[in-house]
Amino acid sequence: MKFVRAIGNVQKNNRGQPIRLIGTCQDLTKVTQLETENQFILDSLGIGVWKFNPVDQSLYWDKSMYRLFDIHEEDFSGHYEAWENSLTPEAKTRAVEELNQALSGVKDFDTVFEIYTKKRGKRFISGKGIISRDANGNPSVMYGVNMDVTEKVNMEKSLKEAEVKLIHTSRLASLGELSAGVAHEINNPLAIINGAIELMKKNPNDVVKNAERLETISKSKERISKILNGLKKFSRASEGAALKDCSLIDLIHESLSLTEIIAREKSVTITVDNQSVQKIQCNDIEIEQALINLISNAIDAIKQLNERWIKISIHDDLDFIVLRIMDSGQGISKEIEHKLFDPFFTTKVVGEGTGLGLSITKGILNDHKASIHLVSGISNTCFEIKFPASKV
Amino acid sequence: MKLNVFFLDDEIDLCEQFQEFFSSEQIAITVFTDPLKAIEESKHQKPDLFFIDYRLPNTNGDLVALSLNQTAPMYLLTGEISVNVYYPFKGILVKPYDFKQIQEILDLEIQEKN
Ligand SMILES: Nc1ncnc2c1ncn2[C@@H]1O[C@H](COP(=O)(O)OP(=O)(O)OP(=O)(O)O)[C@@H](O)[C@H]1O
Ligand SMILES: [Mg+2]
Chain A
1 MKFVRAIGNV
11 QKNNRGQPIR
21 LIGTCQDLTK
31 VTQLETENQF
41 ILDSLGIGVW
51 KFNPVDQSLY
61 WDKSMYRLFD
71 IHEEDFSGHY
81 EAWENSLTPE
91 AKTRAVEELN
101 QALSGVKDFD
111 TVFEIYTKKR
121 GKRFISGKGI
131 ISRDANGNPS
141 VMYGVNMDVT
151 EKVNMEKSLK
161 EAEVKLIHTS
171 RLASLGELSA
181 GVAHEINNPL
191 AIINGAIELM
201 KKNPNDVVKN
211 AERLETISKS
221 KERISKILNG
231 LKKFSRASEG
241 AALKDCSLID
251 LIHESLSLTE
261 IIAREKSVTI
271 TVDNQSVQKI
281 QCNDIEIEQA
291 LINLISNAID
301 AIKQLNERWI
311 KISIHDDLDF
321 IVLRIMDSGQ
331 GISKEIEHKL
341 FDPFFTTKVV
351 GEGTGLGLSI
361 TKGILNDHKA
371 SIHLVSGISN
381 TCFEIKFPAS
391 KV
Chain B
1001 MKLNVFFLDD
1011 EIDLCEQFQE
1021 FFSSEQIAIT
1031 VFTDPLKAIE
1041 ESKHQKPDLF
1051 FIDYRLPNTN
1061 GDLVALSLNQ
1071 TAPMYLLTGE
1081 ISVNVYYPFK
1091 GILVKPYDFK
1101 QIQEILDLEI
1111 QEKN
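Line by line, the protein sequences are chains A and B. The letter at position 167 of the first sequence is residue 167 when you use the numbering used here, and the numbering goes up by one with no holes. The letter at position 81 of the second sequence is residue 1081 when you use the numbering used here, and the numbering goes up by one with no holes.
So that you can see chain A by itself, here it is in the shape it has in the complex (with noise of 0.2 angstroms):
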């Protein structure tokens, strides 16, 4: 057996009927065999290869695309929209962009998305591709493979989840620099008390003034009782603890009697308005970790700026309760917005971000019926919480 290429143009007479065909005939046998074996070990790993045309977003696939898209050969366009309509809705938006930005220039097309598949669900595929240009530097073709990483996506991600989990339970995660503010914050009040000892031993009879060092000692006291009240409640195991009715101002109060300590040295404003009279059921602990990790991450975001406020207001929408975070940094950009989430996604170095506060927040939110979303469209960043009022 051999196989030929055929090559072949009709010609035509004045009325347009074929009268002749005129071609070239060549052996390609050798050639054929090691495409098919080529096809052989792609198909066999489960690689698939395609060809995108982006001046006349013409699409072609091998045959393991067919198989790891689900997709009839006959039923396929042949067109762009054949890929895109098969994304899922959640991976859509960010594999499109990604293909622009390398039909740009911008970056290399390397990536992971989700697609919807007839008979096995939702896959996960790596996509990776080469452009090659024309003189102008435009865009005229695009190869790439693709592979089903469904089983390697999903096994990460169980890690990631069993990790976080047991970081959740034992409730250290964002704990780090807020214990080295802690031992600061009670070592001080302790200095004062002792000062003021040491005063009064040395002028036993001043009786006016040591009146006022009672005092002083009174309220450094009082700094540090507060100090560990915040604390306690971490310590405390809460799970399975049950929910209370509990107003969210005082809540943002509790939290913020640990932050502050930290706003405090870094010099940033914090403001709280009020325009709530429902009450959440919650679990308290929880939502004041949670409260906790946006504004730490808020004096993050902006201890090196110039303008340091936070932001923090309540009001009711009907029967819900919206609460927004706000801090005078100038938004988050596009690029990690859909990573914010992840577990483990941190921008900051190691040792000073675990990147579990804003994933712990999320699932604490998520136990309580409450979302949690980055306003987009205002110049600052801020975060929004919605949380289902109390029924009672």
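No lab work stands behind these hints, which were simulated from the structure alone.
When the alpha-carbon atoms are kept at most 20 angstroms apart in a straight line, the in silico DMTMM-like pairs for lysine to aspartate or glutamate are as follows: (1) Lys219(A) <-> Glu1011(B); (2) Lys303(A) <-> Asp1034(B); (3) Lys209(A) <-> Glu1016(B); (4) Lys226(A) <-> Glu1080(B); (5) Lys266(A) <-> Asp1034(B).
Chain A is already provided as a structure; the job is to place chain B with the ligands on it using the hints.
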């Protein structure tokens, strides 16, 4: 001549107590809650001894010591669990500090001065 001591801590209570307790015929104490004022003032007077708090608004005692550009001995006061410093402090005192220990430091410096 009196021993000229500078004390810098953002806790006003600690400043007042220090000044009240240790001021004497031999010791003049100037206190500061603002690091910038302390740096500025140390250019005019010539302090013989510094006590500097570690955790200060927008800066820390180590950075202040480095920018003071003085030869006088400096002691760091800290409420932290642990601190890493670059400046060669003569000593690091952990809050709540012992007044007796501070008295000893002051007495020693008075002797050195005379
Ligand atoms: N208010 C904010 N302004 C700007 N960037 C933010 C803000 N909040 C979060 N981020 C970004 O999101 C990333 C992830 O936040 P997350 O709280 O999950 O982790 P982290 O703060 O880095 O670490 P940890 O919470 O353990 O200290 C941060 O590293 C930061 O880049
Ligand atoms: Mg954080």
